[in-house]
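Since the structure of chain W is provided, determine the placement of chain B on it from the hints.
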Amino acid sequence: GENVEQHPSTLSVQEGDSAVIKCTYSDSASNYFPWYKQELGKRPQLIIDIRSNVGEKKDQRIAVTLNKTAKHFSLHITETQPEDSAVYFCAANPNTGNQFYFGTGTSLTVIP
Amino acid sequence: NAGVTQTPKFQVLKTGQSMTLQCAQDMNHEYMSWYRQDPGMGLRLIHYSVGAGITDQGEVPNGYNVSRSTTEDFPLRLLSAAPSQTSVYFCASSYDSRGFDTEAFFGQGTRLTVV
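Keeping their order, the protein sequence lines are chains W and B.
When the letters of the first sequence are read in order and numbered with this note's numbering, they come out as residues 1 to 112.
When the letters of the second sequence are read in order and numbered with this note's numbering, they come out as residues 1 to 115.
Chain W with its partners taken away, still in its complex shape (with noise of 0.2 Å):
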């Protein structure tokens, strides 16, 4: 089955910096790949994705980029604000249904 690792596990940044978490798949038949963002106590929700026949996509300050030949994607924050800390989980679906493989998160804490 899919494996997908997640790093780093925490990360702080100021105010105003970018922040970057990256991600690896080991499945080549995934295509589909979200990142949620999960507050404390609440539902995981979907901040961006990206299919596998492109390589970068942008909404405001959140980007992600999927590099397909070394399977692996990556989430970046830029200009952080306090409000984006939260805990933030990557994911893989490998076309076969309602299967997501997720990371194991990284708490991202911004510091005012």
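Since the hints were made in silico from the structure, they are not lab data.
With a Cα cut of at most 30 Å, we get these calculated DSS-like pairs of lysine-lysine:
1) W:Lys68 <-> W:Lys37
2) W:Lys58 <-> W:Lys42
3) W:Lys57 <-> W:Lys71
4) B:Lys14 <-> W:Lys42
5) W:Lys22 <-> W:Lys58
6) W:Lys42 <-> B:Lys9
7) W:Lys71 <-> W:Lys58
8) B:Lys9 <-> W:Lys37
9) W:Lys37 <-> W:Lys58
Across the chosen pairs, the derived CB separations fall in these ranges:
10) B:Asn62 <-> W:Lys68: 27 to 37 Å
11) B:Arg77 <-> W:Gly41: 20 to 30 Å
12) W:Ile62 <-> B:Asp56: 24 to 34 Å
13) B:Ser69 <-> W:Gly16: 47 to 57 Å
Glycine residues also receive a C-beta, built at the ideal position from the N, C-alpha and C atoms.
Same frame as chain W, but now just chain B:
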């Protein structure tokens, strides 16, 4: 739309007891799944369903049963609760009528403690 609704939000069980976690969605999604979330382990797939009458095992299915008799409902049954099943459980649904993967919408979670 209520989205994905899970009940109960909190539950304490004694070892050996059984119970059913309920999950319902009103978005006419085809796909539904159950995850458990443990500290440092992310979300791990327990069981999933691609439509009514069809279920399959995920990464960590032992000790859990599911059924999908309707499009809307996907209950998760704990057969004989064990302390190792103490976790936060999330139900999720997504829609894929054209062969494209779409985002998973999560319920609010059920925090289960087995003593």
